[in-house]
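Work out the full structure, taking the sequences as your base and the hints as a guide.
In case it helps, the UniProt record's numbering puts the sequence shown at residues 1 to 175.
Don't take every hint at face value.
Claimed, not checked - Just the calculated beta-carbon pair ranges, DEER-fashion:
no., residue 1, residue 2, range
1, Ala128, Arg170, 44 to 52 Å
2, Phe133, Val31, 19 to 27 Å
3, Val55, Gln23, 38 to 46 Å
4, Ala3, Arg49, 35 to 43 Å
5, Ala112, Val18, 41 to 49 Å
Bear in mind the hints are in silico, worked out from the structure with no lab data behind them.
For each residue, glycine too, the CB sits at the ideal point set by N, CA and C.
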Amino acid sequence: MPASIEVSTYKIEDLSKVASILQKNPNVEEVVFQQNIIETLSSWTRALRNIGGGVVAFLLLTSLLTTLIVVGLNISLHRDEIEIMRLVGATANYIRTPFIFEGIFYGAVSAAVATTVLWGIITWFSPALQRIFSGIPLFPVSPSVFGYLILFEIAAGVAVGVIGSFVATRKYLMV
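Next up, the structure:
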């Protein structure tokens, strides 16, 4: 048997159980279980998740309001053309559709820019974080997960654009 064995678990809660089982084993001389470090990392992780969730909620609301304002300004800019379209018999959906596509465009472009910035940040800071937290896998996910994350981010951006432009058209078009 080797001089030492490193044990890892998928859940942090299981570490204390594994440590107690190993301590009861007569073949194990010593168990080094640094509970205070684990608790500190766990609390930092929870705090960062909560802060990240708050930041994401704030940014989603900001994006939604920005899309609403920009599409609303565009509707105001084209007020005369919209009135002429109404006079010649255009349906509400015919008038509303270009503004919905504008919101989709804004959402998709914003998500693409955000994805590019996020990729740059991860690429730039990943080596430094790996040196600081050596032995702790920071990005243990496969590249396919990042692909799904990018697709989700673009879909969320498009959804925010659609919702913002739909609310703007309902508010400002009165069709």
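Outcome of the hint check:
{"no.": "1", "hint": "Ala128 to Arg170: 44 to 52 Å", "in the structure": "47 Å, holds"}
{"no.": "2", "hint": "Phe133 to Val31: 19 to 27 Å", "in the structure": "23 Å, holds"}
{"no.": "3", "hint": "Val55 to Gln23: 38 to 46 Å", "in the structure": "41 Å, holds"}
{"no.": "4", "hint": "Ala3 to Arg49: 35 to 43 Å", "in the structure": "37 Å, holds"}
{"no.": "5", "hint": "Ala112 to Val18: 41 to 49 Å", "in the structure": "44 Å, holds"}
In the structure shown, no violation is registered for any of the earlier numbered hints.
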